[in-house]
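Trainee: Position chain U relative to chain E; hints supplied.
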Amino acid sequence: DVKVTQSSRYLVKRTGEKVFLECVQDMDHENMFWYRQDPGLGLRLIYFSYDVKMKEKGDIPEGYSVSREKKERFSLILESASTNQTSMYLCASSFVGLESSYEQYFGPGTRLTVT
Amino acid sequence: DAKTTQPPSMDCAEGRAANLPCNHSTISGNEYVYWYRQIHSQGPQYIIHGLKNNETNEMASLIITEDRKSSTLILPHATLRDTAVYYCMNSGGSNYKLTFGKGTLLTVNP
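Sequences listed follow chains E and U, in order.
If you want the numbering used here, it's the 1-based position in the first sequence plus 10.
If you want the numbering used here, it's the 1-based position in the second sequence plus 1.
Calculated from the structure, these hints are not laboratory results.
Among these hints, one or two may not hold up.
[Claimed, not checked] Taking lysine to aspartate or glutamate pairs in the DMTMM-like style, the calculated list, with each CA pair at most 25 Å apart, reads:
{"no.": "1", "chain 1": "E", "residue 1": "Lys-13", "chain 2": "U", "residue 2": "Glu-59"}
{"no.": "2", "chain 1": "E", "residue 1": "Lys-13", "chain 2": "U", "residue 2": "Asp-83"}
{"no.": "3", "chain 1": "E", "residue 1": "Lys-63", "chain 2": "E", "residue 2": "Asp-36"}
{"no.": "4", "chain 1": "U", "residue 1": "Lys-4", "chain 2": "E", "residue 2": "Asp-69"}
So that you can see chain E by itself, here it is in the shape it has in the complex (with noise of 0.2 Å):
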């Protein structure tokens, strides 16, 4: 089976601080990505990777970068946290292809809250 494992299930951090969430898969995924879920407004995506070091901006990046110095790890940093992030922060991955690549396997999830 597919693992894809969080660093936390739950984080509460103060306005300001410096937050990494890490994630990392067993299953050799060449794609890697960072979405963000709140209500009313879905499934957000963040950040994408589809090979180390190598990234590209989702449709929120401002405020977020991200690390992938290893294939099986894709880290997502908070610069300075602010109470807009907080949120539920999904991992994903993915093995390349048209086809594949939209095959994802979730983390359980981190719940952030910024105070």
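Mentor: Here is chain U on its own, set in the frame of chain E:
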């Protein structure tokens, strides 16, 4: 924006087949149809996808109409653990992003 429409909710009796419809009338010829579900407070879970032929895996079956404007996800023997929001979507989003609509809340009743 989502390019699919689904009923907001459906009920199903445990052990019965659950048939979830989806309209995707603007689907392009090379776009696939994907189904995901999300159980409360968990990440989305991939179920199945198809292009034009019917597909079956260990979780579900997917029936796509000949004109490809609609599809039906079939859970052959629904269990209480199948209670979730089910989303259908087309491929084709930039950066392979998943774009879900409002989905269908399937409630499986004992």
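Trainee: For the pair we were handed, Lys-13(E) and Asp-83(U), check the Cα-Cα distance against 25 Å.
Mentor: holds (20 Å)
Trainee: If you draw a straight line from the CA of Lys-13(E) to the CA of Glu-59(U), is it 25 Å or shorter?
Mentor: The hint holds at about 18 Å.
Trainee: Is the hinted pair Lys-63(E) and Asp-36(E) satisfied, with a Cα-Cα distance of at most 25 Å?
Mentor: Roughly 18 Å between the alpha carbons, so the hint for Lys-63(E) and Asp-36(E) holds.
Trainee: Is the hinted pair Lys-4(U) and Asp-69(E) satisfied, with a Cα-Cα distance of at most 25 Å?
Mentor: The given pair, whose Cα atoms are some 17 Å apart, holds under the 25 Å limit.
Figure legend: structure checked against the earlier numbered hints; every hint is met.
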